[in-house]
Each structure stands twice: as C-alpha cells, then as structure tokens.
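With the first letter of the sequence shown counted as 1, position 82 gets the number 82 in my numbering; the numbers rise by one all the way through.
Since the hints were derived computationally from the structure, they do not count as laboratory data.
Some clues are possibly wrong.
[Stated by the list, open to error] Listed next, the in silico DSS-like pairs over lysine-lysine satisfying Cα-Cα at most 25 Å (straight line): (1) Lys193 with Lys27; (2) Lys357 with Lys371; (3) Lys371 with Lys352; (4) Lys352 with Lys301; (5) Lys48 with Lys33; (6) Lys298 with Lys312; (7) Lys193 with Lys33.
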Amino acid sequence: MKSINRANLSCNIHRVVIKLGSLAVTKEDGDIKLDNLKSFVEDIAALKKSNPKTEIVIVTSGAVNAGKSFLALDDLTSNKEMAIKQAAAAIGQPLLMHVYSELFKGQQLTVAQILLIHDDIKNKVRYLNTKNCLQNLMQNNIIPIINENDTVSFEEISVGDNDNLAIMIAELISADLILFLTEADGLFTKNPKEDGAKKFETVALESFNIDEIDLSTKTSVGRGGMRSKFESIRKVNKLGITVIIATYERARPIMTAITSEVGTLFLPYQQKIKKRKSRLLTTLKKHSAIIIDDGAWKALKSNASLLAIGIKNVRGEFKRGDTVAIEINKNTIASGLVEYDSFEIKKIMGQKSSTFKNLLETYHSDVIIHKDNLIIIE
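Model the full structure from these sequences, guided by the hints.
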C-alpha cells in the first residue's frame, strides 16, 4: 500500500476541493455558524500562504437550510416540498455568500459564486465553459464557491447532493485532493456515536471490504450522508485523487486534516483511468441503473460491450447519451454512456441485437453501451 506523508501534503497539492456540509456551515434551525466559517476561511488563507500556488475550490451546502426559517416550514425532506426548497435556496444563497465574501475579504482574498446543475457537467460544451471559468478564476487567485443551483433544480436535472457535486468538480479541474468536512471524524465501522465503532485511519479501496461497515448514518439536514460520501469516493478514487474525511468540530479543521493524522485518508488507485473516461465516473444519472446478469458481468470484465441480451431490468428514466450505472446484485459495478433511452431498453432487454430493428422505431447501435464508453468501477 502506497503511503502519503500528511505533514508534507500541503506542499505537494496543486488543486484542492473542500466540501462543507450543511451542518458544517449552518445550525439545524438554519442560523449560520459564523465561528465555523471564520475558522474555515482562516485555514484556507493559511493554506494559500503556506503554498501560494495552491488553488482551492469550495463546494458548500447550507443554502436551503439557511433560508428555510424565512418560510415557516420545518420539514424540507419531502420531494413534495421541492418548490419550498427552491424558494429557501433563493433566500439562503445570498445570505451564505455575503458571509463568505466578507470573511474572505478580511483575509485579502476574493471569492466568486458558481451555481450548477447536472447538465452543466454532463453537456460537453457547458462542461468546457464551466472548466474555463473555474480555471480563469483560480489563475487570478480567486476562490470559487460552488453549490447546486437548487433554485431551478428538480429531479431530472439534479446533481443529487453536494458530495457528488464535489467529485464532479474535482474531476473537472483535475484536483489532487478532496477534503470532506463532516460531523464524523472519518469513516467508521458504524455510527461513531455507538459503542464499539472503530475508525479506519487509511483506506485503499482496491482491497477494502465494504461489508465491514454500516453506511446508513445520515443527518436530518442536507441530502448526503456517509453512504453518499463513500459512493462518491469510490467513483473519484480511480482518477488518482486523494480523499480525506475529517470532522469540522476541531480547531483549525482544514489545516489539521491536511497536515495531521486525523480523520480517514483514502489512497488513490495505483492505476489511474484514462482522462477521456473520467467523466463516466462522476456524471452518473441520479436514481437510474441498468441491472445485468452474471453472463453480462463476465463479458464486461473481459472488455466487451454491454449487450441487451444480458440485461435483466432497468431502473429509473434516462435519455440516450446519459451516463448510467450498471448494477448486479444491487451493487454498482460499472457505468457508461447509453446508446438507447430507458424506454427503448425495456423493449429490447433480453433480446439479441438482430431483433432491434423490428422492436424499435429508431435503430442506433447493436450494443447498449459500447466498451469504449464504459468503465468498470468495482
């Protein structure tokens, strides 16, 4: 297992994505945690001072929670309240950005706000525009602060949560490190508040047994949780990006996480995937999957394309050209760009390719996902 010297990490990283969860920046009642934000900003300024070439992007949650108290609605967990969430985000975004802007101004640093939806990363032109914007900001020593555009987002175009957004941004800017600041100080075998919970100091996912852990822990605020973070790390790990999960509930949380043996360090895979396939890991369509049989899985591992005959079922709705997860036994084992939409695949799953022209109005390809547009995750 390759080791990483945490004491020297800050000197060796060029680009860092720092993800701040809802409870890192806001209280459960929606009030902004000013002391926390001051600590984060001071640490980021110290990090840039220790290595002026370091470029930092913040992915922040908390806008919906910060705005909800103005709308007299306590429970924002139901999808039925999407319009209320959008209104809360519209209120909370400027509140959060004002605090960030003023605190960074006190450190002689300038910030910029960027709000994104899934299509901004999935669409090639918008992906490149977003990438160019971020690069120009960072080259001018400006710190981008990114959040999902919850004011216009809905199920079809949602990123899912900001854990997923963080890995999308990390892939887009070719980051060296992602730091998730959470309530828990790393990855544990179970809820760290329960007796007998053990922390993993270092994790190499190539040899990690997921059955050793309970990933069900989630807060009542925000959409993420430890499962979301772990699944996001699984995707980004193969890009050669180091990941740290550490708590925000300590003095100097960012600098401590980067320079000391705290939290959990996820080592990057030894063999990085090719850059042209990297977006296949980070732009998965939310709540959608193609379920395959053992024969199809064996073929994929032998560098074959995904054929309809090996598909057992389809979950969710997606369009041709979307990046969709491939599952077997409820585990995501691959992902790729689909040649057919979900409705078309339901018509041809379990069938030979020679029948497609008779079963479909429009024929696109003999395969569901071509091997050149497919990547194995497991």
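Given the hinted pair Lys352 and Lys301, is their alpha-carbon gap at most 25 Å? 20 Å, holds
Hinted pair, alpha-carbon criterion (25 Å max): Lys193, Lys27. Please report holds or violated. 19 Å, holds
Satisfaction of hint between Lys352 and Lys371, Cα-Cα up to 25 Å: Holds - the C-alpha atoms of Lys352 and Lys371 are around 17 Å apart, at most 25 Å.
For the pair supplied as a hint, Lys298 and Lys312, confirm whether the alpha-carbon distance does not exceed 25 Å. The given pair, whose Cα atoms are some 15 Å apart, holds under the 25 Å limit.
Hinted pair Lys357 and Lys371, Cα distance within 25 Å: 21 Å, holds
Pair hint outcome, Lys193 versus Lys33 [Cα-Cα no greater than 25 Å]: 22 Å, holds
Sort out whether Lys33 lies within 25 Å of Lys48, counting only the CA atoms. At roughly 23 Å apart (the allowed maximum being 25 Å), Lys33 and Lys48 satisfy the hint.
Checked against the numbered hints given earlier, this structure breaks none of them.
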